[in-house]
Amino acid sequence: MKRAERWIPYVLLLPALILLLVFYILPALAGFGEALYTSNLSRTNRAFVGFGNFAHILKDPTFWKSLRVTVVFSLVVNPLQTALALALAVLVNQRVRGIAVFRSIFLFPVVISLNITSTVWGLLLHQGGLVNGILVNLGLPRQPFLRSPGQALWTIIGIISWVGVSYWMMFFLAGLQGVPQAVYEAAAIDGASAWQIFTRVTLPLLRRVIAFVLVADTIINLFLFAPVWILTRGGPQLSTNLLMYDAYRRGVVWGDLGSMAAMVIVLLFITSAAVAMEFFVLRGDRE
Amino acid sequence: MAERATAVAGAKTRPRRGGAPSFRVLIHRTVVYLLLIGVAILVIVPLMWAFSASFTPNEKVFAYAFPFTWRALFPVDFTLEGYKELFTRREGLFGRAVVNTLILSFSTVLLSGSASAMAGFAFARFEFRGRSLLFTLVLLTFMIPGPLTTIPLYILVSRLGWINTWQALILPGLANSLVIFVFRQFFAEISQDYLDAARVDGASWLRVLTSVVLPMSKPVLVTASLLLFLGQWNNFFWPLLVAPDPEFRVVQVAVSYAYEEYTTQWDLLLAGSTFAALIPILLVLPFQRYYVSGLVGGLRE
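If you read the sequences in order, they're chains Y and D. Heads up: the first sequence at position 75 corresponds to 75 in my numbering, and the numbers run straight through without jumps. So the number in my numbering is just where the residue sits in the second sequence, counting from 1, plus 287.
The set of hints was computed from the structure by calculation and includes no laboratory data. Hints are supplied without guarantee of correctness; some may be wrong.
Per the computed footprint, the stretches of chain D lying under chain Y, defined by three or more beta-carbons under 8 Å from a beta-carbon of chain Y, are [claimed, not checked]:
id	segment
1	310-324
2	398-408
3	535-545
No residue lacks a Cβ here, since even glycine has one placed at the ideal position from N, Cα and C.
Start from the sequences and build out the full structure, keeping to the hints where you can.
This is how it looks when you write it as structure tokens:
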């Protein structure tokens, strides 16, 4: 009987594994191949160009501008979201009355899609929108926000942090709830201040979660697309032309799939480099 | 999940230490509440404005927002015009998008839910050759960022001539390693005694799965269904790429086009946005704990 059952787990696994293979693993590998061809959607024009697509991108000043935008964006948005999310999680982990209501409220940005969030914030930040309304009430000048090359990127960082901080807070909160209350009580009895408890007890215990959040956030943000597509289309003056949007524009708008695939490979290298750097930094201060 | 439940219950029933709270505790509590309320305002005000403005005549959408008065946060000039217009204009295009999205979301819950539950069960309860290798493979797909595969997948789907088809819209979303993890985690915690008892009674594995395991798996089924449903309801980039046609348009894509096309019909745009945002909020609120436990499920792996 046991012998006949050997195949059961494989049968159970088959549908899921086929799906993962066809729609995750093969496309990821195919991406590398595609980058070596020049192509549009008709097969006939497909030709092997080796690293031609990469050379083409690297010669394009738009690429370098987008790369600069993406680097600045990443260096700001990921540490910012991670730090604020951790702070919010510590706040939400306080045992005060009514905390469940606040936890529910902070879940809203997480369940609403990023493009609805972008749409609503686009209207809030409109010339005659609510944010400028409040600024005017306070006697401050109106701001152009998304229409200004100097402010657009920072505005997008703000909008996606409205989502990101709540989202990553959930992970930190789960981490904090895994820390036994006794650990805090013991530290408090030893006379540690709240700040000391945070830096000496909480932070070291959350090291793995912090690493996870920072890395996952970095990856997600390097592939950020919806807010740029909806709010700025890369402008004004390419000031929000993040690489993922640039890849989309090359492939879907201009039909240059080879360059699009090459851009994604470039993004993957940047992702790997950023992730490796983060692991290095996080490991470095263990001593 | 059970641990969290007892932790929450523990906090509530915890006996109060006698006497009035000390001055320091009061200060601490005040600061905590002030910060909580501050963040809550940042979250709630934009949503309240969007919600109220969606029930406001178009010419008054910004009337109370600039300069800002409290009226901006409540539908004081209540009307359903925006919603009526949203669902009737262009031969009910938006209604069509809602139906499309529901078909997409429900078929994903059903198909991906079944495939992931089966896989999760196999990983959790069977010893077999290649288990750790296959599980590593699943872990690996979890670490490949979704958007990295999106573009090669788009190229593949275009070559197959699948643009504007149901299979292009549905099939790629069925592969979901997070949901497999969530099922595996849950099934691993079921006591072996239940399974053995059913097996001794001569039930086949399929029967064990459907009549013993599934009935006791409501929490994980809720979690998985929410993750899958919301994942598709909120999915934007993939449908934008493979289903640009009005016939296959989904809610998120419809609203994003409206942002561009109807730059003067704010009420329409806000009605669409509010509708698209309310569905997930109403679905998740009653099942918060299940949803969040699934969301952070990848953390354990």
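Right, here's what the structure says about each hint:
1. 310-324: holds (count 5)
2. 398-408: Holds, because 7 residues of the segment 398-408 of chain D bring their Cβ atoms closer than 8 Å to Cβ atoms of chain Y.
3. 535-545: holds (count 3)
Going through the hint list in order, the structure satisfies each hint without exception.
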